[in-house]
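Student: Sequence:
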Amino acid sequence: MSGDPSGSDEDSVRGRLGRIKLSLPSNAIFRRMKARIEDMTAKATGITYWSAETKLAGNWCRKRHSSRTKSSKGCSPDTTDTEAIGLLDQFSQALNSIEALMRKQDDPQTPYRQLSQDEIQAQNERLDSIILRFSAHADCNTLLCALIPYQLKNVVDNSGRLIAHDLRLVALEGRGNGSMPFQLPTDMPLMEMPPKPAVFHGRDRLVESIVQRLCEMDNCHIPILGPGGIGKTSVAAAIINDSRVVARYGANRLFMSCEGVPTCDGIASMLAATLRLQHDTDARRIVPIYLASLERALLVVDNAETPLDSEGRVEVESWLGTVAGKPRVSLMITMRGSTPPSTVRWADICRLPLPPLSLTASKHTWLALNSNQDDKLNTLLVALDGLPLAITLMATLDQAATLSDLIDCAIPPTGWSVTVRPTQDSSINGEPKSLCDGPVKTGLAIREKERIRCLAPIREFVVRYHPIPSRYLVDVRQYYMQITEKAQSLRTAMSQESIEYLSSEFSNTLSVLRHFWTERSALSVEHRLKERLTDATFDLSAFSNFSSLGDCTGLLNHALRQLDAKRDRQHAAKCVMRIGDILETKGQLNESMKQYEASIRRYSSIGEQVGISQCRRGMSRVLEKRFKWNQAAAMLEEARIEFQAVGHSLGVAQCTQELGAILRMQTNYKEATTSLEEARIEFQAIGYSLGVAQCTQGIGDILRMQTNYKEARTRLEKAKIEFHGIGHRVGVAQCTQGIGNILRMQAKYEEATTNLEDARTEFQAIRYRLGVAQCTRGIGDILRMQAKYEEATLRLQEARIDSQAMGYRLGVAQCTLLIGDILGKQAKYEEATTRLEEARVGFQAIGDRLGVAQCTRSTSEILRMQAKYEEAIAIMEGVRVEFRTLGLPWDTADCTRSIGDTLGMQGQFGEAIATLEEARKQFEAIGLPHLMEECTKSIDNMRQRQELTSETTTAAWGVNESVGQQWAKRWVQRWDGHHELEYSEVWILPHGRRLRNREHL
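If you read the sequence shown in this note's numbering, its first letter stands for residue 1, the second for the next number, and so on.
No wet-lab data here; the hints were simulated from the structure.
The calculated DSSO-like cross-link candidates involving lysine-lysine, where the alpha carbons are at most 30 Å apart (straight line), are:
id, residue 1, residue 2
1, 937, 828
2, 868, 937
3, 710, 670
4, 718, 670
5, 566, 486
6, 625, 594
7, 748, 937
8, 828, 868
9, 625, 670
10, 196, 326
11, 921, 937
Listed next, with one range per pair, are the computed distances between beta-carbon atoms:
id, residue 1, residue 2, range
12, 311, 471, 30 to 36 Å
13, 309, 717, 54 to 60 Å
14, 243, 754, 38 to 44 Å
15, 471, 607, 39 to 45 Å
16, 717, 910, 43 to 49 Å
17, 327, 758, 34 to 40 Å
18, 924, 295, 48 to 54 Å
19, 601, 794, 53 to 59 Å
20, 525, 309, 26 to 32 Å
21, 311, 467, 20 to 26 Å
22, 786, 604, 58 to 64 Å
23, 685, 607, 24 to 30 Å
Yeah, the Cβ is synthetic: ideal placement off N, Cα and C, and Gly gets one too.
Sequences and hints are given; from them, build the entire structure.
Tutor: If you want it as structure tokens, here you go:
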């Protein structure tokens, strides 16, 4: 499309019509026109999705204005403008009609309804009339001629599809706050714990030995091997449902089926999503770490042959070895074959494949399913070779059949097979219907809630020898491609339902789309279906990436090969960019950067500016994760300018928001607030409620950091309402948490604890582990402020462990800092210093200047407690400058107060009082009366000490010895913040000299 003046595929309807609006003069007539264009933009963008399923968009949107006819020479500009505005009204009405028609077509009761030729022709004629009338004013008003008809021509791309497909993915852009993974259902099919088998014979001794080993050892690894149908999954189900295993491992029993999950990243991301681990981390790395943080854990990987027989076998084996190497983690796999991965030290009790059932066990299994028995039963069971699946199938095949008939079925010359013929009621139309009761009754399939799942050996046999006829395959593909369109419902009232549906059908959808790509080049595949396949692939990969569910890298690579073969350069470039997105999310930053750079080269070759800008956004995220803030900001600024140049409002808003987030991380709060305010306005203009709420929340958090607590709380309360309005539970809980933190800083501890506990409960309900850990840390900090050190330490250690398990390095450093502070208060100076240094290193590693400064301040406090006053003051002076540079008035004032108190302990009362007066004014300016009161008390104490120093003789001091001792003790206790702490080994004399023993007084 490099030569197409309509711009790129990403250059949406909104962008083009937006440029028309910007080009119009600012007078009364054109103001009305601008308002009408805004309405047209919304309507045209809305039609983008509704017209995806038919060729209607192609027919309508290939319409272009005919050759411009010469207009009447007497046409006046004012008249033309008035008539043009009337035409805009008619165009808006036409868009309304098209939208209504498309919504009617999208009725779920008739998902494949095609519009009639009469309906299409009527809309064609209506649009032709409007376009021709616009053209009639070509010479009369060159502005309208140049803009309106030509933009109507370019509402869609050359393929006849409306351009704004990616606007359907706007809802998926919630990844910035990592909320979507925590809306996934907790009972995804591949992660459902199988029940204890109802019919289970001949394996009791094996199960007993494995159960005993799992209960005796903290690190036990079991391979359950054998051919298909031998009962591997049944053995695993019997073990994990044993009452002793349940009692020992409890909720830390994890089961995952690898059916349809052929990659290591797919396995790890499914587990990470189920465990609600922090988003935007490397799932391969974080899952083993999290499992190791549990008291003990048992991970069962079923159908492990799927990933172990794939191209990524080495990666899978290595990862399983990593999991098995963690302490208190036991691993069990079921897989076909006889050779488990060599990277794991397997227990010796189950190294050989499962043997067939004995004749006795086979007979018990048969009689549990079929009462038919005579002297021929043994002959039949011997013919079935002790294979549990074969026995189950034969026992349930026909309850009325004689054993002789069944023997004939079991021993045909060429083997046996079962063919399921779909009935007329089984065709897929809208929602899937039960194919028939036969597969379930005969054991070919099992019911799982409202789903029917075919057993793996049966499925593979049927797919190999009885492939789906093409007439049914079309419906299957249509159905699963339609499922991917549920991504458009995210961030709406239907969000939770859509997420549950997409996640439950993810593996099936992935398999169907991959299979479809292999046949996409066939001449028999309609162009419309090829386009839907491309869109469905991008939809599914975006959902997978942003929800941390599954792995679509293989699907995208498969699609890329097909697109390159067909020279579809535009979608091929997008494929490469999506792969870069996935790698960036996984933390594979070097590979991700290479993919973005490759995508930029592809987009540049076809003149796709928006695609280039989107790649730059991705590259900025990579730079952020490398803590290269300045480079990330420069990359975003470049992308933002490019988005502005093409009128891409969403891209502009997103870049501005992300720039604000970077500035906030750099503690450049003034510019960060400006950026977020600007982004908020831009999101409001395009009606993106989530972006509006996120910006409001971000501004509230910045105001809290700046100790502007009143305004901060107002903003967070507003954001909370906005999040609640769109059903965003994570955002609501985060705002409650932020309000709790404000109350904590205001020393309103009871109210603060209530808010943090409420937020923590909500985070637990949605299994948002990051939020839970943050609230736990906040509650621990409140307990620290209340001098409840033992309770505080327990809470902070809990939050620290949770943060480590999620790979949340900032949280780990923050908890370590607070624990160091507590150790200092408890006079455990050496241990406290070690902790503070550990926290400092953690903050430095992530480029957190604020955290580093806080560690430095705490180090100064410990030096003061050790009576190393000169060193303490020097360090505190330096960190006060840093806090002032960072724009943190509370921390600056606190440093000032600390310096004043330390000067007093040296007997420099005049300087101490002046410094404390300064601190009191600073606390007054930021509205913290309780800290002002503390400063006032300290000043009063200083003045009392000044009076004591006038009695400088030894006799005078001796007379007032009890007064001097009482004062010195009280001073040290107040600084420790703990009125029960005795610090009797050092007593401070009024003239600054210190003694190590009371007897020397």
